[in-house]
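Chains A and B, in that order, are what the protein sequence lines are.
Residue numbers for the first sequence, in this note's numbering: 1 to 286.
Residue numbers for the second sequence, in this note's numbering: 1 to 71.
If you are wondering where the hints come from, they were derived from the structure by calculation, not from laboratory data.
Even glycine gets a Cβ: it sits at the ideal position worked out from N, Cα and C.
A hint or two may mislead.
Stated by the list, open to error - Here are the simulated DSS-like pairs of lysine-lysine, each with C-alpha atoms no more than 25 angstroms apart in a straight line:
| no. | chain 1 | residue 1 | chain 2 | residue 2 |
| --- | --- | --- | --- | --- |
| 1 | A | K252 | B | K50 |
| 2 | A | K252 | A | K181 |
| 3 | B | K14 | B | K50 |
| 4 | B | K14 | B | K44 |
| 5 | B | K14 | A | K281 |
| 6 | A | K181 | A | K281 |
| 7 | B | K50 | A | K192 |
| 8 | A | K120 | A | K67 |
| 9 | A | K242 | A | K182 |
| 10 | B | K50 | A | K281 |
| 11 | B | K44 | A | K264 |
| 12 | A | K254 | B | K44 |
| 13 | A | K192 | A | K264 |
| 14 | B | K14 | A | K252 |
| 15 | A | K281 | A | K67 |
| 16 | A | K252 | A | K64 |
| 17 | B | K14 | A | K264 |
| 18 | A | K264 | A | K281 |
Stated by the list, open to error - Taking CB as the label site, the calculated pair distances span:
| no. | chain 1 | residue 1 | chain 2 | residue 2 | range |
| --- | --- | --- | --- | --- | --- |
| 19 | B | S22 | A | E103 | 26 to 36 angstroms |
| 20 | B | E32 | A | I46 | 35 to 45 angstroms |
| 21 | B | F55 | A | R50 | 52 to 62 angstroms |
| 22 | A | E267 | B | E32 | 21 to 31 angstroms |
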Amino acid sequence: MVLISGFAENSHPACEPKGGEFFQIVSLIHWGAERISIMLSEEELIRYQRQLIIPDIGEEGQEKLKKSHVIIAGVGGLGSISASYLVAAGVGHITLVDGDRVEPTNLNRQILHWTSDVDKWKVESAFLKLSEMNPYCRITAVHERINIHNIMDILGNCSFIIDATDNFQTRQVLNTASLRKKIPFIYGGVNKFGGMITTFVPGETPCFECVFPTMTPSEKSVGILGPVPGVIASMQAMEVLKLILGIGETLKGKLLQISLFNMKFREISIDRNPDCSMCGKKEEFA
Amino acid sequence: MISDSVEIVLNGLKTRIAPNISIEQLLRLMNEGDLQIIVECNGKFIFPQKYSSTFIHDGDNIELINPDFGG
């Protein structure tokens with residue numbers, strides 16, 4: 001596993017190019033962790049002032065955000081947006097996972113990656129931008145393709161999974177991990193002008209495979225217009241923030257289908273499937 | 001009197017179909033062989049194992065939805 005973690009204002013060997021490869025670290029590094037204080041500093045109180053004055057958040061809510069750890073699986077169209085909003089909002093620890101490099105065809109929608117980032121690892125590009133966006137947020141960047149063998153190690157102590165992947169198989173892996181760890185899994189997917197989102201909470205709502213029981217072959221090049229993942233991923237970020245803060249109404253048990261082509265939003269009620277091959281059948285997930 | 005057809009809303013369009021047909025039969029009529037398609041009936045998700053036992057009634061609102069898995 002290749003991983004870097006840290007704060008922007010520090011320079012660390014993990015961020016220095018070596019032999020043409022950006023990432024050289026091959027074990028978990030949590031450098032900078034000692035700088036995390038649960039107390040909000042004066043600078044943070046100013047930085048988050050416009051959300052601190054919301055009565056549902058306040059200092060207590062901001063501290064909850066600071067104590068939270070969210071994993072964002074995929075740093076493409078969806079992950080660029082959800083990561084940006086969660087980092088800006090002051091979620092204390094974000095883990096980014098992606099095994100791809102930035103390609104020119106990503107640039108119409110993956111707004112954490114810029115023209116000069118083409119050919120860089122996506123996690124490297126995202127890490128640098130996000131670290132600069134909010135130096136009070138600890139960012140862990142994992143250059144890895146998620147699979148059933150590495151996911152539990154990657155998750156570590158995180159409490160929420162944001163799905164920002166582009167294929168069915170990885171979502172199955174994330175679903176398994178969510179059930180095993182009993183942590184919420186916020187699904188989002190996009191295609192052309194529309195998308196879908198829901199929040200799966202083990203033991204409380206259906207799981208991913210209740211709703212999508214049949215393996216779907218990956219379509220590597222679906223058409224997507226930038227604002228579409230922008231909307232879906234903003235909603236995913238909002239779902240996580242509400243879950244952390246314990247406020248508002250979430251998409252638990254509801255699949256929201258959105259068409260930005262004709263501006264239609266539809267909510268579909270979803271239940272646990274008693275015949276689900278994952279949460280319905282496997283005792284460990286029941 | 002038994003009607004020879006019922007009116008439903010299918011993917012947003014008013015459509016007449018034969019009475020007493022199941023979701024499974026409707027999918028066959030629609031040539032929707034895609035296994036991954038999901039079905040919503042009157043705002044509620046229908047489990048695939050219920051397709052053959054869920055019958056469509058006059059006035060039902062059915063949506064056949066292709067899941068979105070891009071990112």
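In rising order, the numbers of the hints this structure does not comply with: 5, 7, 8, 14, 15, 18, 19 and 20
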